[in-house]
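S.K.: Use these hints to put chain B onto chain A, whose structure you have.
First to last, the sequence lines map onto chains A and B. Throughout the first sequence, residue numbering follows the working numbering, covering 1 to 274 in sequence. Throughout the second sequence, residue numbering follows the working numbering, covering 275 to 568 in sequence.
Hints may be right or wrong, so weigh each one.
[To be verified] Think about it this way: if two alpha-carbon atoms lie no more than 25 Å apart in a straight line, the pair counts; the simulated SDA-like pairs of lysine to any residue are:
{"id": "1", "chain 1": "B", "residue 1": "Lys374", "chain 2": "A", "residue 2": "Leu17"}
{"id": "2", "chain 1": "A", "residue 1": "Lys101", "chain 2": "A", "residue 2": "Ile81"}
{"id": "3", "chain 1": "B", "residue 1": "Lys374", "chain 2": "B", "residue 2": "Leu478"}
{"id": "4", "chain 1": "A", "residue 1": "Lys101", "chain 2": "A", "residue 2": "Val159"}
{"id": "5", "chain 1": "B", "residue 1": "Lys334", "chain 2": "A", "residue 2": "Val126"}
{"id": "6", "chain 1": "B", "residue 1": "Lys374", "chain 2": "B", "residue 2": "Gly484"}
{"id": "7", "chain 1": "B", "residue 1": "Lys334", "chain 2": "B", "residue 2": "Gly542"}
{"id": "8", "chain 1": "B", "residue 1": "Lys374", "chain 2": "A", "residue 2": "Glu7"}
{"id": "9", "chain 1": "A", "residue 1": "Lys129", "chain 2": "B", "residue 2": "Gln324"}
{"id": "10", "chain 1": "A", "residue 1": "Lys129", "chain 2": "B", "residue 2": "Tyr332"}
{"id": "11", "chain 1": "A", "residue 1": "Lys129", "chain 2": "B", "residue 2": "Leu329"}
{"id": "12", "chain 1": "B", "residue 1": "Lys374", "chain 2": "A", "residue 2": "Ala13"}
{"id": "13", "chain 1": "A", "residue 1": "Lys129", "chain 2": "B", "residue 2": "Val325"}
{"id": "14", "chain 1": "A", "residue 1": "Lys101", "chain 2": "B", "residue 2": "Ile310"}
{"id": "15", "chain 1": "B", "residue 1": "Lys374", "chain 2": "A", "residue 2": "Ala16"}
[Unchecked claim] FRET-style restraints, in silico, Cβ to Cβ:
{"id": "16", "chain 1": "B", "residue 1": "Gly416", "chain 2": "A", "residue 2": "Pro65", "range": "47 to 57 Å"}
{"id": "17", "chain 1": "B", "residue 1": "Thr452", "chain 2": "A", "residue 2": "Trp45", "range": "38 to 48 Å"}
{"id": "18", "chain 1": "B", "residue 1": "Trp350", "chain 2": "A", "residue 2": "Ser137", "range": "33 to 43 Å"}
{"id": "19", "chain 1": "A", "residue 1": "Lys129", "chain 2": "B", "residue 2": "Leu296", "range": "23 to 33 Å"}
{"id": "20", "chain 1": "B", "residue 1": "Arg371", "chain 2": "A", "residue 2": "Ala254", "range": "22 to 32 Å"}
These are calculated hints, taken from the structure and not from any lab test. Think of the CB as a built atom: it goes at the ideal place given N, C-alpha and C, for glycine as much as any other residue.
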Amino acid sequence: MRRTVGERMWAIAVWALVVFFVANLLAMIGSVVVNSFGTRWFDTWLPAGYTVQWYSLAWNEFQLPDILLVTVEVVGAVVLISGLIGVPAAYAMARRNFPGKQAVMLLFLLPLLVPPITYGIPMATVLYKAHLAGRISGVILANLVPTVPFVILIMIPFVEQIDPRIEAAARVFGAGIGRLFVQILVPLLTPGILAALLLVLVRTIAMFELTFLTAGPDSQTLVVALYYAVFAAGVRPGQSIDAMAVIYMITTLAWLLIALRFVNPAQIVTRAKQ
Amino acid sequence: MTPSQFTLRQRLRERGLDGVTLLVIPGVVFVLALFIYPFLYGLFLSFTPQVGGWLANYAKFFSEPFLYDTISITLWIAIPATLLNTVLSVPVALRVRLMKHQRLLTTILVIPITLGTVMVAEGLLTYLGPRGWLNRTLLELGLADNPVRLIHNYWGVMLSLVITGFPFTFLLTLSYVTGIDPALEQAGAMLGARARERFLRILLPLLAPGLAITLALAFVQAFTVFPSAILLGAPAGPTRVISIVAYQAAFEQYDYSLASAIAMLMAGVQVLIIVGLLGARTLLFRGPVSTGKG
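So here's chain A without its partners, still in its complex pose (with noise of 0.2 Å):
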């Protein structure tokens, strides 16, 4: 196809908008490292000097170690519970047309499609009642919220992708519905799995508005955490608050490197079949 100037004008328009908004958002982010390295950093384009101590310094003062251990363990439990309730539910939603089964799957698409918020007020307020909110077992359960459809509506499709004989077989040597999962499915699933999991695990590990309606002063994760920091900026120095976001940072970020070899990055948004 031959280009007229406009077209070309325009494809140059396009690339530059991209470019801006990259350029941007690495700036944004790289002011955030720098200054969490920075002495002091007033009138000039990089800081006075460099430094380590806003690390040490954020690590006593926000209680590093505490946060992180929460972290770990509601986002372990997070990923546990949700893959062994997830990953048989997407089997039987694969495998069987039952009635009821557009009702059900709707049921699955909801959570995924209401804002956090939204249903995180009301649902804050039962789990307050009930006395679980507060807790780390209250943050598990109300991460789990998004996050049980989500492995559901990531599995499906590649539980689809298994020819039904092979567990047509398994079942003619006399494998029970357990030895099924264990020996067969988890094996053939395991990239599936993989992915969904990862996937999880990076959204717990940023999901802020869950965590926050329903942490206590013992059960906030680290995204929570960041939050009162910067809420609460000016009675710490800024940069001890960047070095804590570096550390955020470096969490996700990492995680999100090991899910990008099993997913596409379209994948993180699209969530499910639309």
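M.R.: Coordinates of chain B only, in the frame set by chain A:
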């Protein structure tokens, strides 16, 4: 054999109900208990106010400007952000579709979504602040005489919605755009249609249903903006969005009944906009967008 000779188990299996189907039950019970039940409970709670008749919460919301203004404040942030992100996404997605190494760009763009709004708010506070790199660049280039105020006001929230929202709408739009068969556009070009005509008469009609979904999802996200409206905005004034008053009612005034009513109103506005958008979608073309060989 007549049907009566089958056992109950066989008849259930015939309808798709057997041991495997039961595996769906934990998931269903979980979503019912922690999503549907709280929602219904919240709806019920919103009609049992702490004082007054059953509609007192809603009456209170719509009689106090301090409360009902939040709807227009939120829309005033959410609608421009949604439109801007979606409108920018279309040309970029159409261009990136032709690119060979999309993966690097999509990976970079997925970073702000992954970091989340709290981290983006902290990043923008540093980057857009009076001594940040953006203002420094503007001053050096002579584009501004004084640092431009971009944080703790409307623009801070708007920019955070662009930073997290644009990658979202872009990646969604890209997935719809790549679903359109390039042969359709090539046929148009062969028949002499210029780029503008090909876009308006071939791509846009095919893209419209996907764009309606993108708009709906992007709007719902922008409408529930929360941490950045507090951290990066002016939560007492121009960015006092509806999620802030819902949160304050629940966790600062401990009026769960009023908070539930506000949450229900939030859900109501979202449903109205989504039904409107998806309703408009059914008026548009809904045929196949990929011409495969079967």
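S.K.: Confirm or reject each hint.
M.R.: Hint check results:
1. Using a Cα cut-off of 25 Å, the hinted pair B:Lys374 and A:Leu17 holds, with the two alpha carbons roughly 19 Å apart.
2. Straight-line distance between C-alpha atoms of A:Lys101 and A:Ile81 comes to about 23 Å, which keeps the hinted pair within the 25 Å bound.
3. The hinted pair formed by B:Lys374 and B:Leu478 meets the criterion: a straight-line CA distance of about 23 Å does not exceed 25 Å.
4. For the proposed pair A:Lys101 and A:Val159, the alpha carbon gap of about 16 Å is at most 25 Å, so the pair holds.
5. Our distance criterion of 25 Å between C-alpha atoms is met by B:Lys334 and A:Val126, whose separation comes to about 23 Å.
6. A threshold of 25 Å between alpha carbons decides the hint, and for B:Lys374 with B:Gly484 the separation of about 23 Å falls inside it, so the pair holds.
7. A hinted pair counts as satisfied when its Cα atoms are at most 25 Å apart, and B:Lys334 with B:Gly542 qualifies at roughly 17 Å.
8. A C-alpha spacing of about 20 Å is found between B:Lys374 and A:Glu7, which places the hinted pair at or below 25 Å, so the restraint holds.
9. As the CA atoms of A:Lys129 and B:Gln324 are separated by approximately 16 Å, the hinted pair is consistent with the 25 Å bound.
10. Restraint check for A:Lys129 and B:Tyr332: satisfied, since their Cα atoms lie roughly 23 Å apart, inside the 25 Å limit.
11. For the hint pairing A:Lys129 with B:Leu329, the CA-to-CA distance comes to about 23 Å; that is within 25 Å, so the pair holds.
12. As the CA atoms of B:Lys374 and A:Ala13 are separated by approximately 19 Å, the hinted pair is consistent with the 25 Å bound.
13. For the given pair, A:Lys129 sits about 20 Å from B:Val325 by alpha-carbon distance, which is consistent with the 25 Å threshold.
14. A threshold of 25 Å between alpha carbons decides the hint, and for A:Lys101 with B:Ile310 the separation of about 17 Å falls inside it, so the pair holds.
15. Annotation: proposed proximity of B:Lys374 to A:Ala16 holds, straight-line Cα distance about 18 Å (limit 25 Å).
16. Checked against the given bound of 47 to 57 Å, the beta carbons of B:Gly416 and A:Pro65, roughly 48 Å apart, stay inside it.
17. Judged by the Cβ atoms, the range 38 to 48 Å given for B:Thr452 and A:Trp45 holds: they are separated by roughly 40 Å.
18. A hinted range of 33 to 43 Å for the beta carbons of B:Trp350 and A:Ser137 is consistent with their spacing of about 39 Å.
19. For the pair A:Lys129 and B:Leu296, the supplied restraint of 23 to 33 Å holds, since their beta-carbon distance comes to about 30 Å.
20. At roughly 30 Å, the beta-carbon separation of B:Arg371 and A:Ala254 lies within the given 22 to 32 Å, and the hint holds.
The structure is consistent with each of the numbered hints, conforming to all of them.
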